[in-house]
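Engineer: Sequence:
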Amino acid sequence: MANRNNASGLKDSASPEKQVHLVTSNEAKPPQDFLFVDSSSANPRQKSYRGNRSVRSHVMQRARKERPWSTSRQTIKRGVARLSPEATRSLVVVTIDQTRQNLIQERTLKKEDSQRSHDGNTGVYDGSVRHRSSFPCSMCQSPDCIPGLRFCARCHDRSSGVAPRSHFDTALDPFDTLPVSLTSEVRGLWQYFFNNMCPQGIIPMDIRHQSNILSAECFPAALVSPVFMHGLLCSTALHRYVMGKGSFDSVIYHRQATVSEINSNLNDSELSISDGTIGAVFFLLSVEESMLGLPKLRRIRNQSPDEPNEQVMHMNGLQRMIALRGGLGALTTTRFVQSMILWHVTARAITSFEPPYISPLSKKTEALIPLARSVSSSSISLLMKDDLQRLRIDDVLIDYVDDIAVLSIRISSWLSGETHVFDPLELQNQASLLECSLLHWQNAVTRNALDTTICLGLLAFVVKSSEPKRSMAPIQYKAIKKLREALTKVSIATWSAAPGVLIWVLNVAILCTQTTTEPTTDHFWFLQRAAEVYRSYHIDSEELLLTCLHSYPWVDYEIDEVIRRKWVYANSLSCS
1 MANRNNASGL KDSASPEKQV HLVTSNEAKP PQDFLFVDSS SANPRQKSYR GNRSVRSHVM
61 QRARKERPWS TSRQTIKRGV ARLSPEATRS LVVVTIDQTR QNLIQERTLK KEDSQRSHDG
121 NTGVYDGSVR HRSSFPCSMC QSPDCIPGLR FCARCHDRSS GVAPRSHFDT ALDPFDTLPV
181 SLTSEVRGLW QYFFNNMCPQ GIIPMDIRHQ SNILSAECFP AALVSPVFMH GLLCSTALHR
241 YVMGKGSFDS VIYHRQATVS EINSNLNDSE LSISDGTIGA VFFLLSVEES MLGLPKLRRI
301 RNQSPDEPNE QVMHMNGLQR MIALRGGLGA LTTTRFVQSM ILWHVTARAI TSFEPPYISP
361 LSKKTEALIP LARSVSSSSI SLLMKDDLQR LRIDDVLIDY VDDIAVLSIR ISSWLSGETH
421 VFDPLELQNQ ASLLECSLLH WQNAVTRNAL DTTICLGLLA FVVKSSEPKR SMAPIQYKAI
481 KKLREALTKV SIATWSAAPG VLIWVLNVAI LCTQTTTEPT TDHFWFLQRA AEVYRSYHID
541 SEELLLTCLH SYPWVDYEID EVIRRKWVYA NSLSCS
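According to full-length UniProt numbering, the sequence shown is numbered sequentially starting from 1.
For the record, the hints were derived by calculation from the structure and aren't laboratory data. For clarity, every value in this text was computed on a predicted model and none was experimentally measured. Cβ coordinates follow ideal geometry from the N, Cα and C atoms, glycine included. Please note: incorrect hints may appear among the correct ones.
As the list claims (entries may be wrong) - List time: in silico EDC-like cross-link candidates among lysine to aspartate or glutamate, alpha-carbon distance up to 20 Å:
no.	residue 1	residue 2
1	Lys482	Glu426
2	Lys482	Glu289
3	Lys489	Glu532
4	Lys478	Glu558
5	Lys245	Glu310
6	Lys385	Glu467
7	Lys478	Glu467
Unchecked claim - Derived Cβ-Cβ restraints for the label pairs, each shown as a range:
no.	residue 1	residue 2	range
8	Glu354	Tyr557	26 to 32 Å
9	Lys245	Lys482	52 to 58 Å
10	Thr488	Leu382	28 to 34 Å
11	Leu324	Thr488	41 to 47 Å
12	Asn195	Leu266	30 to 36 Å
13	Glu561	Asn263	42 to 48 Å
14	Glu354	Ala497	29 to 35 Å
15	Tyr557	Asn263	43 to 49 Å
16	Glu558	Gly188	36 to 42 Å
17	Lys65	Thr177	52 to 58 Å
18	Gln200	Lys489	39 to 45 Å
All chains, full assembly: derive it from the sequences and hints.
Structural biologist: In structure tokens, the structure reads:
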């Protein structure tokens, strides 16, 4: 018993020390390589649950001890808390009415702080947190060694001779993938493009500047095409130079860069007729035409007449590329390029009164912007078609009245701001296609004076409706001259079957020939002719005149007031 008690006493007296020793030895025990799971439980569900829990616990413990990227709290604190005391003091948290605004955290870190995160190319703080490498930098002993290298980001740039880029370059192009180098000149052109050109817009019908096609379609297309980007920069540089905010050297540089990129793309069968290459050629054509209006360049061109005409070269190249592509209707990838070429083709055709240098009326482009001929004709188109049939106008020309009536209703709705269902780009394209169609009909064969008068009146109406804020000077060059000549060949008695058509044509011509300065001879002639017609058909009030005009296709946006003033002026001419 004594021995047993002594043994028990020795056991009890030694047990606390032994327990402490056991706990200490357990803490120092190395991690187990194997896990033993007790499978003697009688309950299968309890056995499965305990086994899975033990396995998960074992795996996570080994991962936390062996992996530096583990998600344990201790590892996160060790990897993130790298800010120096100065950087820690510069962290500012401002709370402004937390019910309305989230917390705003502003970080101001010094470049000399070796404990922060750096961009691998620039050495500029980029706001990201990177994990500490296992080895310090061999040059500056910074713990932020790049994985796989023996240097930190700053020392790596210094040793490799890479010049650090600005923070603007890093934020906009961190991987150096843009088609052009981000120089200060390029950044200035981009800033001018977004601040000055995008808000103004390019669609004449978009009087409220609601379209964002330049920023949403044009610029993204340039980001993936070096040739298109240089063409856009060349056009932007010329615009900035004309406005007195840039140098002409930038225009020359990007023009040469565009030509170089185009020549490089010509070696590739696909790139040579891509939307980017075609768009770049169109930019060069537009730049050459715009530079002809500059007195300095005009003098240089006159001094060297033997040099090749680059404008003609670009136009011929554009024709060839679009023909190889399959026509203007095949440019479906970049809607901006397609529309700009269509407008340019139409404007040149109207100004010169010659067939378009690129026909937009081929079978492939008839579906470009389908005009709804299936839409039931409104009362205005029916009335005008009946009057034209009484005048024995060509049936093909009469068919265009339906399209013009539908377009006038859409334009009136868009300009008045009643609805935003219509896209101004599509409306502008519809107007351009109608103008090309009317020109094609007029130039197909020799027309009589009456058919010519109706065709040119419809053409002038579409041009005026689709460009409400622009001067009609281009259309005066040939179309208005031909309209005046055709009217002189038609007697007043011929219009007795439909006098309203004559009144409509005369007022459209008056609107197209008005200027902000003194009236031109054409404008004065149409006013005199209108005064005679008013007197012959008893148009003795402004309201009666407007009622007659609204019976046909009409867009009353800021036009009715002009007609009222012109009616008063025409009556004063008839009285004198």
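Engineer: For every hint, state whether the structure bears it out.
Structural biologist: How the hints compare with the structure:
The hinted pair formed by Lys482 and Glu426 fails the criterion: a straight-line CA distance of about 29 Å is larger than 20 Å. Distance restraint check for Lys482 and Glu289: the Cα-Cα separation of roughly 26 Å exceeds the 20 Å cut-off, and the hinted pair is therefore not satisfied. Simply put, Lys489 and Glu532 have alpha-carbon atoms about 16 Å apart, close enough for the 20 Å limit, and the pair holds. For the hint pairing Lys478 with Glu558, the CA-to-CA distance comes to about 26 Å; that exceeds 20 Å, so the pair is violated.
Between Lys245 and Glu310 the alpha-carbon distance is near 26 Å, which puts this suggested pair outside the 20 Å criterion. For the given pair, Lys385 sits about 25 Å from Glu467 by alpha-carbon distance, which is inconsistent with the 20 Å threshold. Restraint check for Lys478 and Glu467: the C-alpha separation of about 18 Å stays at or below 20 Å, so the hint holds. The hinted window of 26 to 32 Å between Glu354 and Tyr557 holds, with their beta carbons roughly 30 Å apart.
The supplied range of 52 to 58 Å is broken by Lys245 and Lys482, whose beta-carbon atoms lie about 41 Å from each other. Against the hinted window of 28 to 34 Å, the Cβ-Cβ separation of Thr488 and Leu382 comes to about 30 Å, which satisfies the hint. A hinted range of 41 to 47 Å holds for the C-beta pair Leu324 and Thr488, which are about 46 Å apart. The hint said 30 to 36 Å for the Cβ distance between Asn195 and Leu266, and at roughly 35 Å that hint holds.
As the Cβ distance of Glu561 to Asn263 is approximately 54 Å, the hint placing it in 42 to 48 Å is violated. Range check, Glu354 to Ala497: about 33 Å between beta-carbon atoms, so the 29 to 35 Å window is met. Range check, Tyr557 to Asn263: about 46 Å between beta-carbon atoms, so the 43 to 49 Å window is met. The supplied range of 36 to 42 Å is met by Glu558 and Gly188, whose beta-carbon atoms lie about 37 Å from each other.
Distance hint for Lys65 and Thr177: a CB-CB separation of about 41 Å, inconsistent with the stated range 52 to 58 Å. Between Gln200 and Lys489 the C-beta distance comes to about 43 Å, which sits within the given range of 39 to 45 Å.
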